[in-house]
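> So you can see what is in the structure, the chains are spelled out below.
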Amino acid sequence: MAKRIDVSGLTAYYGKTKAIEDISMTVEPRSVTAFIGPSGCGKSTFLRTLNRMHEVIPHATVSGTVLLDDENLYGPDVDPVAVRRTIGMVFQRPNPFPTMSIYDNVAAGLKLNGIRRRGELDALVEKSLRSANLWNEVKDRLNKPGAGLSGGQQQRLCIARAIAVEPEVLLMDEPCSALDPISTLAIEDLISELKERFTIVIVTHNMQQAARVSDRTAFFNLAAVGQPGRLIEIDATERIFSNPTVQATEDYISGRFG
Amino acid sequence: MSTTTKPTVTPPASVLTQRRLPRWAPAATALGAVVAGIGIGAGAGLTSEIQWGLIAALLFVGALHVLSTRVEGSRKAKDRLATSLVWVCFILAVIPLVSLLEYTIRKGAKVLDGYFLTHSMNGVATIEPGGGVYHSLLGTLEQVALATLISAPIGLLTAIYLVEYGRGPLAKAVTFFVDVMTGIPSIVAGLFVLSFWIIWLDFSFSGFAGSMALSILMMPVVVRSTEEMLKLVPNELREASLALGVPKWRTILKVVLPTAVGGIVTGLMLAVARITGETAPVLLLVYGAATINTNPFDGAQDSLPLYIFQQWKNGNEPSYDRAWAAALVLIALVMALNLLARGVARWKAPKPGH
Amino acid sequence: MDTSPPRISPRAEPAPPPSGRPDRPQGPPLGQEPRDNQPDTGGTPPPTDRPAPPPTESRGRVRIGDRVFSGAARGSGIVLLAVMAAIAGFLTLRAVDALGKNEGNFLTTFEWTPNAEPPVFGVAVIAFGTVVSALIAMIIAVPIAVGVALFVSHYAPRRIAQPVAYLIDLLAAVPSIVYGLWGALFLVPHMIGLTTWLDAYLGWTHVFDQTSTGVTPRNLFTAGVLLAVMILPIVTNVSREVFLQVPRMHEEAALALGATRWEVIRTAVLPFGRSGVISASMLGLGRALGETMAVATVLSSSPVLSLKILDPGGGTIAQNIAANFGEAQPIGRDALVASGLVLFLITLLVNGAARLIIARRKEYSGANA
Chain E
1 MAKRIDVSGL
11 TAYYGKTKAI
21 EDISMTVEPR
31 SVTAFIGPSG
41 CGKSTFLRTL
51 NRMHEVIPHA
61 TVSGTVLLDD
71 ENLYGPDVDP
81 VAVRRTIGMV
91 FQRPNPFPTM
101 SIYDNVAAGL
111 KLNGIRRRGE
121 LDALVEKSLR
131 SANLWNEVKD
141 RLNKPGAGLS
151 GGQQQRLCIA
161 RAIAVEPEVL
171 LMDEPCSALD
181 PISTLAIEDL
191 ISELKERFTI
201 VIVTHNMQQA
211 ARVSDRTAFF
221 NLAAVGQPGR
231 LIEIDATERI
241 FSNPTVQATE
251 DYISGRFG
Chain R
1001 MSTTTKPTVT
1011 PPASVLTQRR
1021 LPRWAPAATA
1031 LGAVVAGIGI
1041 GAGAGLTSEI
1051 QWGLIAALLF
1061 VGALHVLSTR
1071 VEGSRKAKDR
1081 LATSLVWVCF
1091 ILAVIPLVSL
1101 LEYTIRKGAK
1111 VLDGYFLTHS
1121 MNGVATIEPG
1131 GGVYHSLLGT
1141 LEQVALATLI
1151 SAPIGLLTAI
1161 YLVEYGRGPL
1171 AKAVTFFVDV
1181 MTGIPSIVAG
1191 LFVLSFWIIW
1201 LDFSFSGFAG
1211 SMALSILMMP
1221 VVVRSTEEML
1231 KLVPNELREA
1241 SLALGVPKWR
1251 TILKVVLPTA
1261 VGGIVTGLML
1271 AVARITGETA
1281 PVLLLVYGAA
1291 TINTNPFDGA
1301 QDSLPLYIFQ
1311 QWKNGNEPSY
1321 DRAWAAALVL
1331 IALVMALNLL
1341 ARGVARWKAP
1351 KPGH
Chain D
2001 MDTSPPRISP
2011 RAEPAPPPSG
2021 RPDRPQGPPL
2031 GQEPRDNQPD
2041 TGGTPPPTDR
2051 PAPPPTESRG
2061 RVRIGDRVFS
2071 GAARGSGIVL
2081 LAVMAAIAGF
2091 LTLRAVDALG
2101 KNEGNFLTTF
2111 EWTPNAEPPV
2121 FGVAVIAFGT
2131 VVSALIAMII
2141 AVPIAVGVAL
2151 FVSHYAPRRI
2161 AQPVAYLIDL
2171 LAAVPSIVYG
2181 LWGALFLVPH
2191 MIGLTTWLDA
2201 YLGWTHVFDQ
2211 TSTGVTPRNL
2221 FTAGVLLAVM
2231 ILPIVTNVSR
2241 EVFLQVPRMH
2251 EEAALALGAT
2261 RWEVIRTAVL
2271 PFGRSGVISA
2281 SMLGLGRALG
2291 ETMAVATVLS
2301 SSPVLSLKIL
2311 DPGGGTIAQN
2321 IAANFGEAQP
2331 IGRDALVASG
2341 LVLFLITLLV
2351 NGAARLIIAR
2361 RKEYSGANA
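Protein chains in written order, with the numbering used here: chain E, 1 to 258; chain R, 1001 to 1354; chain D, 2001 to 2369.
Among the hints, erroneous ones may be present.
For each label pair, taking beta carbons as the anchor points, the in silico distance ranges come out as [what the hints assert, rightly or not]:
| hint | chain 1 | residue 1 | chain 2 | residue 2 | range |
| --- | --- | --- | --- | --- | --- |
| 1 | E | Gly15 | R | Ala1027 | 21 to 29 Å |
| 2 | R | Ala1145 | E | Ser150 | 55 to 63 Å |
| 3 | D | Ala2161 | E | Glu126 | 41 to 49 Å |
| 4 | D | Leu2270 | E | Asp189 | 47 to 55 Å |
| 5 | R | Val1035 | D | Pro2189 | 32 to 40 Å |
| 6 | R | Leu1253 | E | Asp189 | 23 to 31 Å |
| 7 | E | Gly151 | R | Ala1240 | 28 to 36 Å |
| 8 | E | Glu55 | R | Gly1343 | 31 to 39 Å |
| 9 | R | Ile1199 | E | Asn143 | 56 to 64 Å |
| 10 | D | Gly2100 | R | Ala1145 | 35 to 43 Å |
Since the hints were made in silico from the structure, they are not lab data. Fair warning: this is a prediction, and the values are worked out from it, not measured in the lab. Even for Gly, the Cβ is constructed at its ideal location relative to N, Cα and C.
The following block holds chain E by itself, in its conformation from the complex (with noise of 0.2 Å):
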């Protein structure tokens, strides 16, 4: 299931503008990887460029490979409908189709991969909402359009949509950011319990969510306002938050700045 991601010498432009500079990092597979950093530093950008999300933006690209396991995503015969297919995201802002009911969100994805059968996608639609801790809560009105959850349930309908098609990848850009806090605990312990079975990136701004959920922390970090966004030091998340080798994580985790 999980596989590891390698990206070395990645940067990403909008257009002329360079939006991150040469990043190379390990993501682990099964883990529970963060990406921190200031507004503006390329962290969501980067993390678009790991399932070519990037590049639906128009007039943006990006250089440097990523591999996933052994295959370099931006190799020339790759399908970025498969690479988007094998790594899924989960956005900032719960956004579930408003013109489907509960269940064909979830559906959405399996549909698309050619499951048609009512009995099996049944299944997979339990499971998903199940592993994504919602079933309980919307199993009696599945037929429901999705818009009408709280943002919490939508969020984790999401997610339930992003893991029903069983990607190796799970990209996380934000997820809590427009949630309150209680909506934020529960899918937090989502995370954890995700992480048993996928490869977990996430984007967050809130640092005590970092240490929290995540094994490893990378910060990122731009020289001045217009520089593009680089990648400072990537480590276990305990050492990241204890003892930073860089002078800047310091103090941007201990609040100094950002």
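Given the structure of chain E, go ahead and fit chains R and D onto it with the hints provided.
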């Protein structure tokens, strides 16, 4: 413990890579289809280019789909099918539309000159060349101006009523009937004025009669577009003004309307552009004339759309030439209004941020 | 009723979706107070930075100003209602008058001879022609328009998309008489090959059977094609606006599931845009039903009701009015009024149906997200 038997059961291609058609495949297929279309068309002696094009389009979509299904699998093939269909739609749509513009310009430029714009058809026999469009242009401008004078104030105030004051059954009724009114076919509006104003009240055909029908068509459009624009004005602005003790009517006049003025003017001009080209009500009501009549309230006038129709009906080459030239003038007029409206919209657009 | 028909908007106008909130308020942001019941503004002294008249005077003026202004606004609304009522009432009156004198069955008679003795006229042929030509136009135009809208919003390279959108915007404004002229002088001759061909290969469907081949195709089919060309820009424009308003995050949600471009469109764009496309189509249908000149110029009318759309003949209500309005006798005109009312009713039905469809889909519409 590393094993030496590396390639066990792994499929040759990985999960991420797929067999793909080369990038030039769609273009090549398109070219092939066009060539084949021309070949079949010419070979079978089909007279009309429409058929050639349709054959080429069908060949292109079909061939690419088959090719893609073979090489890339059904999912990708479906994606390609959608893409090629969308391109075919685009080309199918653009050809007649561009042909319309091109044909009108080419034909219209033949007799369109200063003389054409400044002379009427007075004393010109229909089968001889010459004459002009001055009387029609004048009539159109007067009729449209009158229609705007009638419908703009009513439309604006009604929209203000609906957005700023509207509550209760009256507002509901007005909203409903504005909707109904949007659906009135232009010829029915003309018919109404014809039987009411000209037959029942026994007034004569006149530019003003046409203006009345045009204003029936214009009013709901103005109400609608103004309403939309007023709704876009944030409520905070109104509250801020009211909280300063500014009376409501001054709030509307000094705060709400200026904020929305760009959109309102744009909507108004688009409505004007639309009625400028209306033919049916004018045909029924202003009757048409070959001479200059500057008074829209008395006697038959002419108008551009009507002029085009009449020249077409004459059915001879000089008249067709005049019809095309008048069509070109009319298009230019309508386009100018549209471009102007756009300019206003851009110029008065709410400045972003602050 | 906020299922307002699509804006006749140039691209500058679309409501900027308030960034941030997913649930944008739907209702009109209206003034808070009930009408005619102004908050007592006289109590608070006017702020000093406003060039204000003396307070006492202002107080009296405020009331008058408000009353005059709201009265004028309300008055216009009432005028509009009155106009509408006058149209409906007067036309009905005339129509009833004409129907009373009609010796034929208004709904089933083919002929239109209201000036004969006795007067006989019916809308069978022209109502049929109206509906059929508009339907042909819809069948051709709507799929192509949706395709072109998708082309502009999702497929075309940027360099092409902008000019194309602009061109189609402008074409939507071209007056119908110009389409009519083009249809009569350019389209009709170019349709000969296609009609012969349709007759040869699809003649067995009866619909595409041409009784005598080689006649000039001044038939309902050509009228439908011309109407399709005419409504294409309108339907395209409105659909494109709707497709462009699909929130980026829904498309990204589909992309992140590993959807191809077509699958993104099917899962996120089309469902979101469905009601918009429906209202766009209805707008186009309304235009096609009521169009006079474009039909009058390409159709050679005759009182024949036939499903063979390649045969010349038939007619539409609007075209019939334009052709016969000059009739000498009042009953002839009243008969036309009656047919005009039928046209109006058909248009109303179409609009009502569109509204129903949109309302039924409301729960799932993107606007509620």
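> All hints are to be evaluated individually against the structure, with a verdict given for each.
Hint-by-hint comparison with the structure:
Range check, Gly15(E) to Ala1027(R): Cβ separation about 26 Å, and the 21 to 29 Å hint holds. Evaluation of the 55 to 63 Å hint for Ala1145(R) and Ser150(E) yields a pass: the beta carbon distance comes to about 57 Å. Restraint check, Ala2161(D) to Glu126(E): a C-beta distance of roughly 43 Å satisfies the suggested window 41 to 49 Å. The beta-carbon spacing between Leu2270(D) and Asp189(E), approximately 36 Å, falls outside the hinted interval of 47 to 55 Å.
Hint check: Val1035(R) to Pro2189(D), Cβ distance near 26 Å, so the stated range 32 to 40 Å is violated. A hinted range of 23 to 31 Å is violated for the C-beta pair Leu1253(R) and Asp189(E), which are about 57 Å apart. Remark: the range hint 28 to 36 Å for Gly151(E) to Ala1240(R) is upheld by a beta-carbon distance near 30 Å. Between Glu55(E) and Gly1343(R) the CB atoms are about 36 Å apart, so this pair conforms to the stated range of 31 to 39 Å.
For the pair Ile1199(R) and Asn143(E), the beta carbons lie near 59 Å from each other, so the given range of 56 to 64 Å is met. Distance hint check for Gly2100(D) and Ala1145(R): the Cβ-Cβ separation is about 41 Å, which falls inside the suggested range of 35 to 43 Å.
The earlier numbered hints that this structure contradicts are 4, 5, 6.
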